[in-house]
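Engineer: Okay, here's what each chain looks like letter by letter:
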Amino acid sequence: MSIVLARVDSRLVHGQVLEAWVPSVKADCIVVANDAVADNDFQRSILQAAVPSSIKLVIGSLEDTAEILNSAQMLKKRVLLLFIDATDALRAQKMGVTYSKLNLGNMHSGEATNRYSCTIALASRDIENLREIEERGVTIVAQCVPSDREQGWHKLIRFEGQRQ
Amino acid sequence: MVGLVIATHGKLGEELLNAVEMIIGPVRNARSIAVSRESSLEDIRREMQGAIQAAGTENQGVIIMTDMFGGTPANVGLTFLEPDKIEVLTGINLPMVLKFFNSQEGIALDELAGILKTYGQQSISLASEYLRR
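Residue numbers (the working numbering), protein chains in the order written: chain C, 1 to 164; chain U, 165 to 297.
FYI, nobody ran anything at the bench for these hints, they're computed from the structure.
Remember, predicted model here, so these are calculated numbers, not experimental data.
Just so you know, even glycine gets a beta-carbon here, dropped at the ideal spot from N, CA and C.
Hints are not guaranteed to be accurate.
[To be verified] A short, non-exhaustive set of chain U residues, derived as facing chain C with CB atoms under 7 Å:
#1 Glu-202
#2 Arg-210
#3 Gln-213
#4 Phe-233
#5 Gly-234
#6 Gly-235
#7 Leu-242
[Unchecked claim] One side only, chain C facing chain U, incomplete, derived with CB under 7 Å:
#8 Arg-11
#9 His-14
#10 Leu-18
#11 Ala-20
#12 Ile-46
#13 Ala-50
#14 His-108
#15 Cys-118
#16 Thr-119
Let the hints inform the model, and build the full structure from the sequences given.
Structural biologist: Pasting the structure below:
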């Protein structure tokens, strides 16, 4: 199994992921690591219907994700891994989901946030979580869609506290 | 009269309504929502809630049409799904929207939604296939 893209995206599976990222990174499997979706039959079936049949979709709780990724069914898969926010991305790391690079796609935290790019608004809690993820050896970049320039996340928070 | 909310990536929905009005004149009980890269899910949800209320003033139900199953407009639309009150139809096209406005009066929501699904699918054609017939 190789993780071809680990991404934080508050929209989880949506147009940018299915139509831009999947072909760009040649993923043949999407893993959604999210407790709420894993626990909701309606959302699960909607996601299943949205993903083309040529792409394998696995939805698991954060706790189950490490096991899912290491399972035999994933052996030859090129996985696109999705987290809904930085908290989940960090929790997953701590539970043994090892990704070496983390892509920040859409982040719109509901709390008081500062906007850092057109699709990324971070609360201080998000920044703490991302710092902790980085300390675990993960490269963190911001790139909404493949045609955008990839940017180190430090560039985003250079003017921390200021609204752009 | 059934109401219509069109939710799309970018201003596609707004322009579909413009196109419809170009063809059949002013329409009623319709709203559009443009989803941009900047929109947060909460913003979209709030806007859709308002649009559903504005389009559904006659309590005959509302159809939410979206551009693509699996896209954000459809994902948010599906959270409003409520049989007999709110239907969600994906893969919007102009014939489908025109058919809606020619049928929105005196028909039950579920029946109209079913007709529009079939109609939208049947409205797609590959011209060269006609030549081979």
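Engineer: Next step is simple, just say for each hint if it's right about the structure.
Structural biologist: Hints, one by one, checked against the model:
1. Glu-202: Constraint on U:Glu-202 satisfied, holds at 5 Å.
2. Arg-210: Interface hint status for U:Arg-210: violated (12 Å vs cutoff 7 Å).
3. Gln-213: violated, 16 Å
4. Phe-233: holds, 5 Å
5. Gly-234: This interface hint holds because 3 Å falls under the 7 Å limit.
6. Gly-235: holds, 4 Å
7. Leu-242: With a closest approach of 6 Å, the U:Leu-242 hint holds.
8. Arg-11: holds, 5 Å
9. His-14: Holds, because the Cβ-Cβ distance from C:His-14 to chain U comes to roughly 4 Å (cut-off 7 Å).
10. Leu-18: holds, 6 Å
11. Ala-20: Violated. Min distance 12 Å.
12. Ile-46: At about 6 Å, which falls below the 7 Å cut-off, the nearest Cβ of chain U leaves the hint on C:Ile-46 intact, so it holds.
13. Ala-50: holds, 3 Å
14. His-108: With a closest approach of 3 Å, the C:His-108 hint holds.
15. Cys-118: holds, 5 Å
16. Thr-119: holds, 5 Å
Checked against the numbered hints above, the structure breaks hints 2, 3, 11 and satisfies the rest.
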